[in-house]
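Enquirer: Mind docking chains L, C and D with the ligands on chain R? Use the hints.
The residues making up each chain are set out below.
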Amino acid sequence: MGLKRNVSLGTGLKYQGGGPMLVFVLHRIGGLGMAIFVTIHLLASFMSARGIEGGAFLNSIYENWAFQVFIFFCALFHAINGLRITILDLWPRLIPYQREAIWIEWAVFLPIYAIAVFIIVRAGLGG
Amino acid sequence: MLVTLKIFRYNPEVDKTFHYETYKLEALETDRVLDLLEMVKGHTDGTLSFRRSCAHGVCGSDALRINGRNHLACKTLVRDVGAKITVEPLLGLKVIKDLIVDMQPFFDNYKKVLPWFVNDSPLPADGKERLQSPEQRAIFDETTKCILCAACTTSCPSFWGGEAYLGPAALVTAHRFIFDSRDEAADKRMHVITETDGIARCHTVFNCTMACPREIEITKAIGELKMAMITGKV
Amino acid sequence: MTTHQFDVVVVGAGGAGLMAGLYASRGAKTAVISKLYPTRSHTGAAQGGISAALGNSEEDNPEWHTYDSVKGSDYLGDQDAIEFMCYEAPQAVLELEHMGLPFDRTPEGRISQRPFGGHTNNVTGKPVRRACHAADRTGHMILQTLYQQCLKNNVNFFDEFQVLDLLIVGGKAAGVVAVDLATGELHVFQAKAIIFATGGHGRIFEVTSNAYAYTGDGAAMFLRRGLPLEDMEFFQFHPTGIYKLGILITEGVRGDGGVLINGKGERFMPNYAPKVKDLASRDVVSRAIYTEIREGRGVNGSNYVYLDVRPETVNKFAALDGRTNPDGSPYIVTGEQILQKLPDIIDFCRVYLGVDPVTQMMPIQPTAHYTMGGIPTNKFGEVVIDDKNTVFPGLYAAGECACVSVHGGNRLGTNSLLDLVVFGKHAGLKAAEYAQQAGFVDLPGSPTAEAEAQFDRLRNGSGSENGFDIANEMKKVMFDLVGIYRSEAGMKEAIQKVAELKERYRKVRVSDTGKIFNTELLNMWELGNMLDIAEVVATSALNRQESRGGHSREDFPKRDDQNWLKHTLVWKQDGKLKIGYKPVTITRYQPKERTY
Amino acid sequence: MANKSKNLSIVGRGLTNFESIMWIFTRLSALAMYAFILFAIIGALVMGARTNMNMADVLRWGFMPNVTHVQSTALEDTGPFASPFWKLVASGLLLIAVGHGVHGLVVIADDYITSERGRGIVRIFSIIMILSMIFIGLYILWTS
Ligand SMILES: Cc1cc2nc3c(=O)[nH]c(=O)nc-3n(C[C@H](O)[C@H](O)[C@H](O)COP(=O)(O)OP(=O)(O)OC[C@H]3O[C@@H](n4cnc5c(N)ncnc54)[C@H](O)[C@@H]3O)c2cc1C
Ligand code: HEM
Ligand code: SF4
Ligand code: F3S
Ligand code: FES
Chain R
1 MGLKRNVSLG TGLKYQGGGP MLVFVLHRIG GLGMAIFVTI HLLASFMSAR GIEGGAFLNS
61 IYENWAFQVF IFFCALFHAI NGLRITILDL WPRLIPYQRE AIWIEWAVFL PIYAIAVFII
121 VRAGLGG
Chain L
1001 MLVTLKIFRY NPEVDKTFHY ETYKLEALET DRVLDLLEMV KGHTDGTLSF RRSCAHGVCG
1061 SDALRINGRN HLACKTLVRD VGAKITVEPL LGLKVIKDLI VDMQPFFDNY KKVLPWFVND
1121 SPLPADGKER LQSPEQRAIF DETTKCILCA ACTTSCPSFW GGEAYLGPAA LVTAHRFIFD
1181 SRDEAADKRM HVITETDGIA RCHTVFNCTM ACPREIEITK AIGELKMAMI TGKV
Chain C
2001 MTTHQFDVVV VGAGGAGLMA GLYASRGAKT AVISKLYPTR SHTGAAQGGI SAALGNSEED
2061 NPEWHTYDSV KGSDYLGDQD AIEFMCYEAP QAVLELEHMG LPFDRTPEGR ISQRPFGGHT
2121 NNVTGKPVRR ACHAADRTGH MILQTLYQQC LKNNVNFFDE FQVLDLLIVG GKAAGVVAVD
2181 LATGELHVFQ AKAIIFATGG HGRIFEVTSN AYAYTGDGAA MFLRRGLPLE DMEFFQFHPT
2241 GIYKLGILIT EGVRGDGGVL INGKGERFMP NYAPKVKDLA SRDVVSRAIY TEIREGRGVN
2301 GSNYVYLDVR PETVNKFAAL DGRTNPDGSP YIVTGEQILQ KLPDIIDFCR VYLGVDPVTQ
2361 MMPIQPTAHY TMGGIPTNKF GEVVIDDKNT VFPGLYAAGE CACVSVHGGN RLGTNSLLDL
2421 VVFGKHAGLK AAEYAQQAGF VDLPGSPTAE AEAQFDRLRN GSGSENGFDI ANEMKKVMFD
2481 LVGIYRSEAG MKEAIQKVAE LKERYRKVRV SDTGKIFNTE LLNMWELGNM LDIAEVVATS
2541 ALNRQESRGG HSREDFPKRD DQNWLKHTLV WKQDGKLKIG YKPVTITRYQ PKERTY
Chain D
3001 MANKSKNLSI VGRGLTNFES IMWIFTRLSA LAMYAFILFA IIGALVMGAR TNMNMADVLR
3061 WGFMPNVTHV QSTALEDTGP FASPFWKLVA SGLLLIAVGH GVHGLVVIAD DYITSERGRG
3121 IVRIFSIIMI LSMIFIGLYI LWTS
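So the protein lines, in turn, are chains R, L, C and D.
So the first sequence is numbered by my numbering: it starts at 1 and just counts up by one.
So the second sequence is numbered by my numbering: it starts at 1001 and just counts up by one.
So the third sequence is numbered by my numbering: it starts at 2001 and just counts up by one.
So the fourth sequence is numbered by my numbering: it starts at 3001 and just counts up by one.
What the hints contain is simulated information worked out from the structure, not anything from laboratory work.
All values reported here derive from a predicted model rather than from experimental measurement.
Taking lysine-lysine pairs in the DSBU-like style, the calculated list, with each CA pair at most 35 Å apart, reads:
(1) R:14 to L:1016
(2) C:2515 to L:1111
(3) C:2275 to L:1128
(4) L:1024 to C:2507
(5) L:1094 to L:1024
(6) L:1188 to R:4
(7) C:2152 to L:1128
So here's chain R without its partners, still in its complex pose:
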């Protein structure tokens, strides 16, 4: 009787959690992205070092500027947001100011990321 647990990735993402939920999702994507990247990357380095075929190919994926834009987002966002989480976790008294914390976080993240993207893209397109 009854519909199965009424939730899917889609319905979950559509929940109007607002700013805090957005940064959570991005943090998760960032962490996941980096973890996968680091795994592949280690593998590639290992293969190159041992002269196994394919290492160079794997390396060329992330030499690609589009990929760099993505992975830089993952690293920078995850790092900044991770710092926010760590601070709030260790000082629960600051939690009532979490909205402000998120604003500050974006204020720090956006300019740095914008400059980085600009440089990466310019370098990427310029050759």
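Expert: Frame of chain R; chains L, C and D with the ligands shown alone:
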């Protein structure tokens, strides 16, 4: 004003799956969404099913997803959500019929944190109350407000992932007792909430705090529990 | 159909039902059945406090409490029961504290108390701090605490089971029939003792502080089984409900210094109750508000007045009244303290009115609030069925659905929560005691027949009438004509109208044919109960030709102890209401004129 | 009035649970990574990155102060990074980051996989992953 009300419908005895039904009705700005549901049920479609009792936000019966976010239907006025209103059941629990979900997993999680006062020491010699200063009382005041409506737990992405996660409501209850100076089972409760699917599952998403109709600072309460886990001070 | 067997079955899981369940389960196999999850019972809505003469911050004693309650009841309360309750009160409240209830605290760490309407220092006549409170959600904390203790003690719960019928065989209680809302299946609970704690029936009125669930199910079942109901004409209208919505603004607001202001900006309560002013008994204040409105002093000529708890107003009038703190210093509050003492009230006003009570006045109007009458019981919670107080074997009642009668013509604020814990406990104890020596009564051949017949009627009506409209018409007519002020012509019209509505109700057809959560069917079944109860209320009210407590007749404005110092009993026989009487127990306090 | 606050023992506060230990580790490793990264970037700057390092390199050097880290890096003098000291620093960062990252993956998996069996498989998989990543990482670091 004319309100368009889109409601999630599912009748287990007829339908294979859910669908949405749209109703148009005349309403006042100060009408509660619950009033609208009552109107639809009274005049348009008697089969529409939902829970409600107190009608002023103190019993916790009618937590629903309204315009994509959890609210109590009786504490949400038309003027708060506008003329286009979508009403859906809570996420992460089985839908039994229309807007009614199976609350069992929610209450099961609640029961895991030993939600009752424990003090086996002898009573004060005069037989009167156990003393507690206003300051000690204030520490857990917020978390005594919980009405077990489940708006928080069903807004939490960790709970969507799996109902094994205790969820914010159970943690709020744990907080209410752990920080009560008269209670003597703090260590047992800490044990429960630090196990797998306990507080470590909370990723400070804040959906719970925003959904709580009693305006409990849930994430803060959970944060205090996390601190208690580290320092041992309650 | 599933059959269960329990020594004791408790119907209702509010404060009274949980207390009864907790105590009964210590001595007998007990089940608690509730149509709502227990924590959603209406006890959770109670705000202001629970009274007990603890004397934590000033002198007080149970004797004063007894006298205040007798006087509050307009001398209709049974004095032996009132005395019993008031003397049990301190222990009852301390027991709640020992169960972990988080009361607010005094600086010394004791339970904090606040003044409440009608509770006085009998020597000075001034309001006394007797209401023990947990902010403005005392009932919520009682409900949660009792539920938690029940879980701790492994009480058997049947949540979301609605009881439909009471089974009586050979003059003894045999069991109840309930429907499991989630499956629509009927369950029969065979029991030696049955405790009813189903709450009141305020939903028969249009503007009410009561929950949707307050449909008088328990009382209606008793009526259908030929058992009497007591003092049904007495219904309390609380003076301060949010305008139009009826949501309650606790008396604690006035206890903490709030005052009532009419359309001309004047404080009017001193004209009606010179001594305790805004803290007079509820019936007195409600009538005062109505009188102001009728004489054209409502706000903007409308039917509401203001309740003002802004710090500057509170401090101004507290100084005028010479009000002091327990330590003798003048009483002064700040906006922050108001916020801290009344968080929920302030939240209600912000959400529903868009008004902030710390800086603005709240528009209020009297709201239907509390059922004084109900199932007649003695002070042990045993159901009694006639003027000689003959006990009906195996039947118990406690809480708002019962009439002990400790509230008589008018309940004092905070006495209801006390009533729940005191009489809930004793009903539980008595029921378990009875169950230990009694045997099961055989169930009738087809125990669910009556319940099924009622459902069938609702499923097979012609469908030419709409139940929702019938309910609204009933509420309106009851509020307008059998409300705060009553007159013969009005009540006759109301009885006529209710009879008509009952006729129309037969033509209702439920469109939902399913079994799972058929809330339409159950709502319509509840409407039947409400119509039955409305008829009883209006008929009893028409019959009582005097004004007393919450029952104010324009054509008989005076209390008449000569003819009417007695309880009303109403039975339903062959579809007709029969009225009888029962003497009031008077022990120490002879009736005298009631002034505040 | 008893005004003392309660003090829970290590066991009493649940600090012996794997979940709580890892929860704390995640925060501490996050802070530690910040320290390492800052240290490494400053190191890179001292070693001459001031003049010819681009944005992507900051990240590369920050996250892994090692000579082999991406062939295209345009630093002229990477010599000092080959010293045992920097190798040790890089190894420390490697251990912490892999621990943090793989446990992070387990946390994500646990959010969606609630069966005992499923979680067991994830655990085993994560151990294999941690060990092999550390092995590979150390191999690259110390053989270059
Ligand atoms: C807004 C408000 C504020 C109040 N403030 C105060 C106060 O400050 N102090 C004070 O002393 N009193 C106060 N009161 C009054 C007091 O709260 C109530 O009288 C009291 O809580 C009633 O408790 P109860 O246990 O009788 O009923 P409830 O708590 O309402 O419980 C009724 C139970 O019966 C169950 N039930 C009903 N019908 C059925 C059925 N057919 N089958 C199965 N189960 C059924 C329900 O599910 C519920 O569990 C207040 C009341 C209101 C409305
Ligand atoms: C400065 C660097 C970093 C900081 C400050 C940081 C901080 C954090 C924090 C605080 C969390 C816990 C989030 C939570 O429990 O809600 C987390 C989770 C995680 N981190 Fe990091 N981290 C950093 C670097 C990394 C790196 C390099 C990786 C990848 C190898 C990584 C992968 C993950 C993953 C997969 C999670 C789990 C994500 C989730 O639960 O949603 N992190 N990080
Ligand atoms: S914490 Fe708030 S949202 Fe969660 S159950 Fe309690 S009242 Fe509802
Ligand atoms: S939404 Fe969930 S993740 Fe934590 S802060 Fe609230 S419990
Ligand atoms: S109906 Fe009680 S909370 Fe909405």
